[in-house]
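Residue numbers (the working numbering), protein chains in the order written: chain A, 5 to 368; chain B, 164 to 798.
Just so you know, the hints here were simulated from the structure itself, not pulled from any lab data. Careful, some of the hints might be misleading.
Unchecked claim - Below, computed lysine to aspartate or glutamate pairings styled on DMTMM-like, alpha-carbon distance capped at 20 Å:
#, chain 1, residue 1, chain 2, residue 2
1, B, 482, A, 172
2, A, 239, A, 199
3, A, 147, A, 168
4, B, 407, B, 474
5, B, 407, A, 293
6, A, 239, A, 172
7, A, 239, A, 64
8, A, 147, A, 164
9, B, 488, A, 168
10, A, 239, A, 276
11, B, 407, A, 311
12, A, 147, A, 134
13, A, 310, A, 336
14, A, 46, A, 64
15, B, 482, B, 645
16, B, 407, A, 172
17, A, 310, A, 293
18, A, 147, A, 215
19, B, 488, A, 172
20, B, 488, A, 64
21, B, 407, A, 205
22, A, 239, A, 205
23, B, 714, B, 699
24, A, 310, A, 294
Said to hold, decoys possible - Take a look, some chain A residues computed to stay more than 10 Å from chain B by CB distance:
#, residue
25, 27
26, 142
27, 190
28, 208
29, 342
30, 344
Cβ atoms here follow ideal geometry from the backbone N, Cα and C, with glycine treated the same way.
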Amino acid sequence: MRESPDSGAIGVEGLWKIFGPRAERVLDSDDRFLEPGALREKTGCTPAVRDVSFEVSPGEVFVVMGLSGSGKSTLVRCLTRLIEPTAGRITIGGEDVRAASPARLRELRRHHVSMVFQHFGLLPHRRVIDNVAYGLEIQGTGKAARHARAADILSLVGLDGHADSYPDQLSGGMQQRVGLARALAVEPQVMLFDEPFSALDPLIRRDMQAEVVRLHREVGKTMVFITHDLSEALKLGERIAIMRAGAIVQIGTPEELVGAPADDYVADFVRDVPRSHVLTLRWIARPPEEGEPLDGPALPAVTLIKDAIGAASSSSRPIRVVDGDELVGVVDRVDLLSFLAGQDVSGLDVSGSDASGSDAVATA
Amino acid sequence: MSSTAVSTPSRFRVPGWVAPTGIALLFVVAYLIFQGTGTLPHNSEAPQFAAVTELREWIDDHRNDNPVFLYFLNYIRIFVEALFSLLQTTLYALGWPGLIGVMGALAWLAGGWRVALGAVAGFCSFGVFGLWQASVDTLALVASAVLLSLVIGIPLGVWAGLSVRVRKLFTPVLDVMQIMPHFAYLAPLALFFHIGAPAGVIATMIYSIPPAIRITALAIQRVSPTAVEASASLGATRAQTLLKVHLPLARSTMALAINQTIMMALSMVVIANLISAPGLGSDIIRGLSRAQVGIMLPAGLAIVVMAVVLDRMMVSVAKRDPRNKIGRSSLVVAAVLAGAGLIAAPLLPREWPANLTINLVSEINDVVLWAETSWFGVTSFIKDTFSNLVLNPLEHLFTSAPWWLVAAAVLVVAWRISGVRPALTALACLLAIALLGTWEHSMRTLTTVAVAVVVTLVIGLLLGVAAARWDTYSAFQRPLLDAAQTMPSFVYLLPALALFGTTRFTAIFASIIFAVPPVVRLVEDGIRTVPATVVEAATSAGSTSGQLLWKVQLPMARRAILLAANQGIVMTLAMVVVGALVGAGALGYDVVLGFSQRTDFGMGFVAGVAMVLLGVMLDRITQGADRRPSPTKGM
């Protein structure tokens, strides 16, 4: 299974989750298109996830972001049927999750997908090492083998020397490292994170985010990351889905969300993001004008705008924006200044944006 | 000219108090007109009673040829009897040194040297009181009942903790079981399982099983849902999650469930003596019925000591940090203690040596007699004043009012406090009481309960509020309340009997001191759990501490206070009924008579049923706002 090229891929198609006594019937009627509040009023059912579809490629970090109550935690639980979806199709590594038998589903949870929780979910009566080894223990791995594996993972997450502590003897950040280690110990292809760092202090949160980036580089798992914190989403996500009232409003790279928000809701969200830290030169490059000198410094199109300021200040000639050998356009000092002054919004060429997601990781 | 201004109220609004006062007046007038008519005087030869007596005769005749008995009930009886005699024989086989050693060892493992010392001293005291054999019988009875309760109750509790549906199914059944006075179980059990130890064990088990189920369910429910989800997300089977997450995390609460079960069983084994279960109960019941404190005091003390020793052991187990494994040195000490006892057993005399016992019966009786005679003025003044001013008029009111008027009053009151459905249930209970032919005695019992409840609530509220407001007073009162709640119910009859002899008032006094502690605790906790931010806000708005109490704390503690009232009623009813043994009369007396006189079995049986109905009725009347923790909020 692990060798399969798309073993870490996730596909979700038309996923619905409606809580309530007659969820099936609501789904079959036109009521399902009502706003959540109206639907609750009319039927007593609460729609948490509404017709959600997305794909995650192997090794990708996919962030689902939304305010509390937007259904993002329900969505991530539906992926391994910790919450049973009402309708829709879910595939993980090509396997149809909703069709899986209970035994097969357990297999999937034991070996392919593991999860990190907001409130850690550690077992207070077990030592750290036994918490980390829990997943292996329920698979039936022998004590020596699982402790050896757990010890390796503990040093991977930087918890050497804490194996014999109990969870309540550790700080919040360290407890979440234990949660992370427990999820890693079973060697999953997919890791799900349900707002793992929202309960932590800002400084520790930053450390943990860096930790996730590092782990992703080292172990290369597919990650689905739930958060309500936009800066966290931009920092970690290769692609981000914005959820509102159970439905996905927009899916895109951080650059696409910031540069071309799909509607006012998303625009409102990303308004305070320092755009020069997210957008690349591709967004402001324009065709060279007649007679404009084309011997200025060349920068790749994926350079962040803020990183181009240095080059612009050292040369008075327009910067040539290149994609490989091909000239995409030019950017001069006036273009940069007016962008930084926020006067470029109308001038953005949305249709021209096809920046590939994986290259657009924001400031990590 | 002036009349126009006065006489033109555009819209006349009825003040809120008019309707209740009007209805009350209506009842008073109806009572004055119809007083003395429609009463249902007691007739001990009533056909309802005779029918049950005949049923018993029939069952006794056919106990060994009717298939239900032959293939079902008798087997249960035989099994329980075997369990009881196994435990009894084992405990006897240890001999007194062996049992003391083993208990000391267990106590050491549970909670260290203090608990062990308590256990050894406590078990020695059984011998010193000259009650070794009775104590061992009681211990065997309690052990069998608790064992059965746990074997049945813990799985049911786990099931209820895991499934909302099961919980919804169990809750009403457990509710009714918990408001049944202990007396009420005995007659049906005697009918089906005959009298003797097995029936006693089963009665005790039924009485003690609700906390085993309820607290276990609560413990399972309270397990962190994230931990459960994390386990499921790693692919644990339900059984794995139960064994590795639920049970370990619920462990200490479940130890408290076991503790509660033991405490309930200890208070029931005494009553079980009425259906001829062996043990300390026989001395207590004998002492109660002869009004001889000297006979019952040592046995009562022995039960209390047993309760305290077992309570300390179980509480230590519950509190122990599971991470600290029992050390090797503790194991060695425990082994030495148990070993020493077991080795000493064959060397020392089989019976507890007679020269080590103290017999205080006559001395205690003398002290009680002295107390009774020297305080006679005071106690009889209290007793008589209370009886003449409160009890007798109220009892007259209840018994001379027409039954339909009482029923209507109950309906109206219950409707107003608790709503339609509880009111209809209460009415149905009352009508059933009338049909059973126990109206008059039920009304007498109701009088006693009503009076005791009112006094209990007044005292309970005062002490609870005081404790909530003054920390030093609360710190002083807490240990007293803790001690009071580990004591078996009938122990409260002792001081009451010593002070007031056998009268109706004795039972009331006993039930007040029995029911006050939990009421005080609930009121105090209710007031203390008012959020600190609300109190802070009210204080910063300039409330005096009196305003704070009346306008913030008491209204916000309303649910806790209603619960306290309900608890008070249930406990008072149970105690008033036991109080029959010390002169409370009415229903309780009928029950006791039913056990002692074969011809009155029917009356006793029906009186037991009437008690349950009375209990359900009072419970429904005071149910109020959803006071009982509903399935979603924990059982």
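Checked hints:
no., hint, in the structure
1, B:482 x A:172, "holds, 17 Å"
2, A:239 x A:199, "holds, 14 Å"
3, A:147 x A:168, "holds, 15 Å"
4, B:407 x B:474, "violated, 27 Å"
5, B:407 x A:293, "violated, 71 Å"
6, A:239 x A:172, "violated, 30 Å"
7, A:239 x A:64, "holds, 14 Å"
8, A:147 x A:164, "holds, 19 Å"
9, B:488 x A:168, "holds, 14 Å"
10, A:239 x A:276, "holds, 15 Å"
11, B:407 x A:311, "violated, 53 Å"
12, A:147 x A:134, "holds, 10 Å"
13, A:310 x A:336, "holds, 13 Å"
14, A:46 x A:64, "violated, 40 Å"
15, B:482 x B:645, "holds, 16 Å"
16, B:407 x A:172, "holds, 18 Å"
17, A:310 x A:293, "violated, 23 Å"
18, A:147 x A:215, "violated, 28 Å"
19, B:488 x A:172, "holds, 18 Å"
20, B:488 x A:64, "violated, 45 Å"
21, B:407 x A:205, "violated, 31 Å"
22, A:239 x A:205, "holds, 17 Å"
23, B:714 x B:699, "holds, 13 Å"
24, A:310 x A:294, "violated, 27 Å"
25, 27, "holds, 17 Å"
26, 142, "violated, 4 Å"
27, 190, "violated, 7 Å"
28, 208, "holds, 19 Å"
29, 342, "holds, 50 Å"
30, 344, "holds, 45 Å"
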